[in-house]
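Asks: For reference, the chains in residue letters:
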Amino acid sequence: MQNSKTTQILSYGVVFLLLILYVVPLLLVFNVSLKSFNEYLLNPIGIVQNIEWGNYTQAWSEGNFAGYFTNSLIYTVAATGLTIIVSLFAAFPVARGYVMWSGFIYMFFLLSQFLPNPMVAQYKLMLSFKESVSFFGYDTKLGYILLKTTGTGVVFMMFVGYIKSISRDLDEAAGMDGSGYIRYLFQIILPLMKPVIATGVILTAIGVWNDFVGPIMYLPSPANYPITFGLKEFRGQYGNNWPLLACGITIVAAPLIILYTFIQKYLVDGALAGAVKS
Amino acid sequence: MYPFGKGFNRFIPLLLLLIPMALYIVFYFGPSILTVIYSFTDVKNLPGSTYQFVGLDNYKDLFFSGNSGERWRSIINTLIFMFVVTIVQNGVALFIAVIINQRLKGDYFYRAVFFLPVVLGVAVVALIWGMMFDPLNGPVNRLYDVLFGYQDMFFGSFTHAFGYIIFVQIWMYMGYSMLIFLAGLQSVPKDLYEAGHIDGTSKWQSFRHITFPLIAPSFTVNMLLSIIGAMSTFDIILATTDGRFNTRTMAYDVYKETFRGSLEMGLPSALSVIQFLIILLFVVVAVRQTRKREVEY
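First to last, the sequence lines map onto chains U and V.
Just so we're aligned, residue 1 is where the first sequence starts under my numbering, counting upward by one.
Just so we're aligned, residue 1001 is where the second sequence starts under my numbering, counting upward by one.
Worth flagging that the hints you see were computed from the coordinates, not collected in a lab.
Predicted model, so just to flag it, every value in this text is computed and none were measured.
The beta-carbon is built from N, C-alpha and C at its ideal position, and this holds for glycine as well.
Heads up, some of the hints might be wrong.
Covered by chain V, per the in silico footprint, the following chain U stretches (three or more residues, Cβ under 8 angstroms) [to be verified]:
1. 21 to 30
2. 115 to 127
3. 141 to 154
4. 231 to 245
Could you build the full structure based on these sequences and the hints that come with them?
Replies: In structure tokens:
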């Protein structure tokens, strides 16, 4: 498309305005996190005068963020890893037609995106699991991880699409050489799927790490809190002490932003592939 | 033909497939169907309790009991939330996607920044805007004061809180819709515009008649995602006002009644079913409308 000078300047102008709306809140949070509470009350918006690093040590120790981070990491790594594996178990035979009625199974799994809200019965189910076996279900790490593990969601659909682009001849050659099914999946197919697995890992990990409702419903013990719930509790504790709360926000957000700058390209491309294909 | 052996080996794929199948049936499909069944019963949230079918009593209770006024308010809020989020979020996202797609310098940076809120998650986003919208010392109130000589209570205002929640929701997910539109825009062949240019089309005409029909699939995807998302998310409400100040929606009510309400599970189940029917209605209408506009090239 031909672009005149004025449209170009206007375009940059619009994008710049929107950038302000996205970047300024983050900068303001960081700015507030460096102020002492007194300085914040006197001058909530201006640039920090006396940097108060002590806020961070205070927030870190009083917010128990180390424990929450560990829990979040456990949930995210376990649920993401399992999701990738069970999605592969579901996607490969369905894409290849190695199980009966694979077309029907595909539609059945696709239905997962359009089902009525399962929350009520799910909650009752988790409670009854807890009643019968104490290590699983409501308020257990294992119960929450399995609840978050799904082999039939968006990752499954992305995998089916990708596997169809891998040649069937490869299966036959491997079978001829005497490779078993499981070995073939993990040694040949899994490495070939690296790009789509990267996308699947990132999408799943974001979903689990940022889950807000799940922990509130299913992980009520402080020992099981992930970082999202921890941040909510931290806020409840420190009400209007915004310098301390801003430290909390920064502590939680900074690692994500740093990680995000590295994986940003995969994520942006991957989110697209996932969304448009499904 | 299955190339990995005979006999027992033939069944390994099925055995492995049973793992995701079991997870799906136990945690999602089963509970989903059970919720529909529960909506016709007097089931209680007590372990081992029995229940009986009560016909449409739960549905009657929803709309013809003492709380029916609040119920209608939730439904109206839900519809407002869905319409405003779907229209504004997709409108802004499409506009920005078209602008960024003209090969602006630093386009990767802009995309990354607009997508960042999704990465940060709702807990962080709610707290960031909690600080921005702090009625005492928040920057936005200072700005209002300077510009209009006016102060707001934001998430603590009975009349305005819901509007601010809608704003935060759109702020958070606009980047996601934008990415989907960008993917659509990048698949439009450039020579079509050149052909149009030779024929003397205006900018608006080339958008209306070349771009729009070709990105209609991304439009369908975005419509579906926003409608289903807006109808069923309530984490942003939970994280900002926790349902106070007239900010309850149906999805929030289902959560509230299940989790912190009485032991009656039939009522929230009935509400889930109604929520599902409304989603279904709007999804069907939206898909029909946008499918009409899709073309092949």
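Asks: For each hint, tell me whether it holds in the structure or not.
Replies: Structure-based check of all given hints:
no., hint, in the structure
1, 21 to 30, "holds (count 7)"
2, 115 to 127, "holds (count 12)"
3, 141 to 154, "holds (count 6)"
4, 231 to 245, "holds (count 6)"
This entry satisfies every hint, going by the numbered hints stated previously.
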